[in-house]
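Colleague: Given next are the chains, with one letter for each unit.
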Amino acid sequence: MEGSAHPVARHPLDAHAPDVVRVLRDDGTLDPANDPGLRSDEVLTLFRAMVRARLLDERLVLLQRQGRIGFHIGCKGEEASILGSAFAMRQNDWIFPCYREFAAALWRGMPLQRYVDNMFGNANDPVKGRQMPDHYTWKSGKFGSVSSPIGTQITQAVGFAWAAKIRKEDTAVLVYFGDGATSSNEFHNGMNFAGVFKAPTVFFCRNNGWAISVPTERQTASETFAQKGIAYGVPGVRCDGNDLFAVVKVTRDAVARAARGEGPTIIEALTYRLEGHSTSDDPKAYRPEAGLDSWRRLDPIPRLRRYIERTIGWTDAQDKELEAELDAELKAAIAVAEKTQAPALESLFEDVYGELPWHLQEQRDELLRGPRAKGHGH
Amino acid sequence: MPQMNMVQAINDALRHEMRRDSRVVVLGEDVGKVGGVFRVTQGLFDEFGDDRVIDTPLSEGGIIGTAIGMALYGLVPVPEIQFSDFIFPAYDQIVSELAKYRYRSGGEYPAKLVIRTPTGGGIRGGHYHSQSPEAQFIHVAGLKVVCPSNPADAKGLLLASIRDPDPVLFFEPKRIYRAAKGDVPEGDHTVPLGKASVVRKGQHVTIVVWGAMLYEALDAANQAAAQGIDCEVIDLRTLWPLDIETIITSVKKTGRVVVVHEAPKSCGLGAEIVSLINEKAFLHLEAPPKRVTGFDTPFPYTLEMEYLPLSHRILPAIIETARY
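Heads up: the sequence lines are chains Z and Y, in that order. If you're matching positions, the first sequence starts at 430 in this note's numbering and goes up one per residue. If you're matching positions, the second sequence starts at 368 in this note's numbering and goes up one per residue.
Just so you know, the hints here were simulated from the structure itself, not pulled from any lab data. Hints are not guaranteed to be accurate.
For lysine to any residue, the following SDA-like pairs were computed, each having C-alpha atoms within a straight-line distance of at most 20 Å [as the list claims (entries may be wrong)]: (1) 562(Y) / 787(Z); (2) 597(Z) / 370(Y); (3) 562(Y) / 791(Z); (4) 647(Y) / 661(Z); (5) 627(Z) / 368(Y); (6) 647(Y) / 786(Z); (7) 627(Z) / 647(Y).
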């Protein structure tokens, strides 16, 4: 933050942050040294996706407060980190999510209806109502499966990338995780294995300042998260995570490195979780409101909008038009999802094994014969 | 048919499948150049190279986590955990990830591994080289658990495990790695998962057992025979899902059952077997089912032969059950 006691930048606007890649300058122009050269239509598509993610976050929190869905874990403030990095991955590359990256799943082609079905855990939910909301999956978009334990996806992403390398396929894997996950076993294992085997992995650390209530200072004594790569022989880079262009630039560079056979990179995207950890969290209990001001000024959406307004052209009327369009799309999806029935009872026993073994057949038959529970919604 | 010990039979199965299916890879600590601390993977590195027989860094969590990723990609990894006592750093990956992947992803991502790991005591290995943690994996929805007792089954069950759609914990009883010898079919040979083997037919008492303790049970059964007690000995082979039909058929015939396992008594697989017998054959029972097991203590070093459920402890249980 401004005036921070940290010798190394924790905030993209810290005066002494020469190691933090920034492209979108305060005056709304792009630094030609690191400009990834996005076309106007690409910028507009990404802007639209960021606004869509923001709108989804705001509406889904309301749905949860109304008791219509059980839970939401959002990405408010981190849209540039998530969409810039997802955008930078090539079509044949894979994405292994943490749990805050629904915008990346949508970017990879998950229909909004499927995502909203997941929020309701209904029969059309890609995971058949078996997990909490925001624990989606989208294989046809080369997008992995969300689980709740922290960091477990990191070694899996490395193994996937390593397998692609063994099979001599030009595939890189981006794995998302937060600053808290850098304390997990699997961060260590994943970085170590990826370093040793030069697995084409992009470690994307969304340093959003918080692991629920625990700030970055309690997560590590390292000056940065990127520097953790040094110990593993994995190059690290930091970027302004609220700068779409910087995120695209550093992610593309990491993918190019991986494609050249040079192995993994760790990216630390400096961003900020503008809301609580999830709908189950109240950040007022541990986080002073005043500290948010400098981050609100760096909100990636108004920042990108200023650039678009200046460079491509964008009006208030277009804001309203876009919001109305996204709102209508979401309302329609919610209406359908809410009316869709719950997953069939039998589905409770499916997919535990490839075939239903005798003990699950017995338990299924017992459930089907018995009385029904109340309170599973539909 | 060639004679082999367990180590040779498992090696033969791995080699056979790696030749047949280029997706099969072996990874773990010391599995490559040295061929594993028990030499089970000996020679595979030379034949298949270090892309398919991989010496990894020393981290069980890393081995299983990356192996899951390889499986999601489409490889068929057969990771080795050097001793089943060392599997717990990978427990989260096995229990929360591997076992749940297909289910939690709505069927999109079946994650299939065969985790090979030496198990059991009797080799003077102390607590950290002797335990039998099978029940801790059976209690987890989504896993299959296998434990062979002889070379032909070891080969056949391992090939069946590798070709099975589900993740399998393949426990290798290290006490009989070299002691158990027998004819092993050449080439392709599978033993179906979920099917027990009736190793000794009998009328009076059913003994349910697996792994290295099979030989102790057979020894006790032979001694019991001298006293006129005719035991039926069932080698489970697949511990989960277990072959309930074979167990219940036998118990309905004998009315008496002794379950033997090395693992601690409480909440061991024996407890589940006895519960199932109570549920499915209660009115056929002539005596309370008995368990002869390890104790609810850590696995000891000096006194390990007192800890193990060897024939001298199985025999009195058979007699007591028979005479009840």
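Colleague: Now look at each hint and say whether the structure bears it out.
Modeller: Results of checking the hints against the structure:
Our distance criterion of 20 Å between C-alpha atoms is met by residue 562(Y) and residue 787(Z), whose separation comes to about 12 Å. Pair hint residue 597(Z) plus residue 370(Y) does not hold up; C-alpha atoms about 39 Å apart against a cutoff of 20 Å. Between residue 562(Y) and residue 791(Z) the alpha-carbon distance is near 18 Å, which keeps this suggested pair within the 20 Å criterion. Annotation: proposed proximity of residue 647(Y) to residue 661(Z) is violated, straight-line Cα distance about 56 Å (limit 20 Å).
Note on residue 627(Z) and residue 368(Y): the hinted pairing is violated, with a Cα-Cα distance of about 44 Å set against a maximum of 20 Å. Restraint check for residue 647(Y) and residue 786(Z): the C-alpha separation of about 17 Å stays at or below 20 Å, so the hint holds. Restraint check: the Cα-Cα separation between residue 627(Z) and residue 647(Y) comes to about 55 Å, which exceeds 20 Å; the hinted pair is violated.
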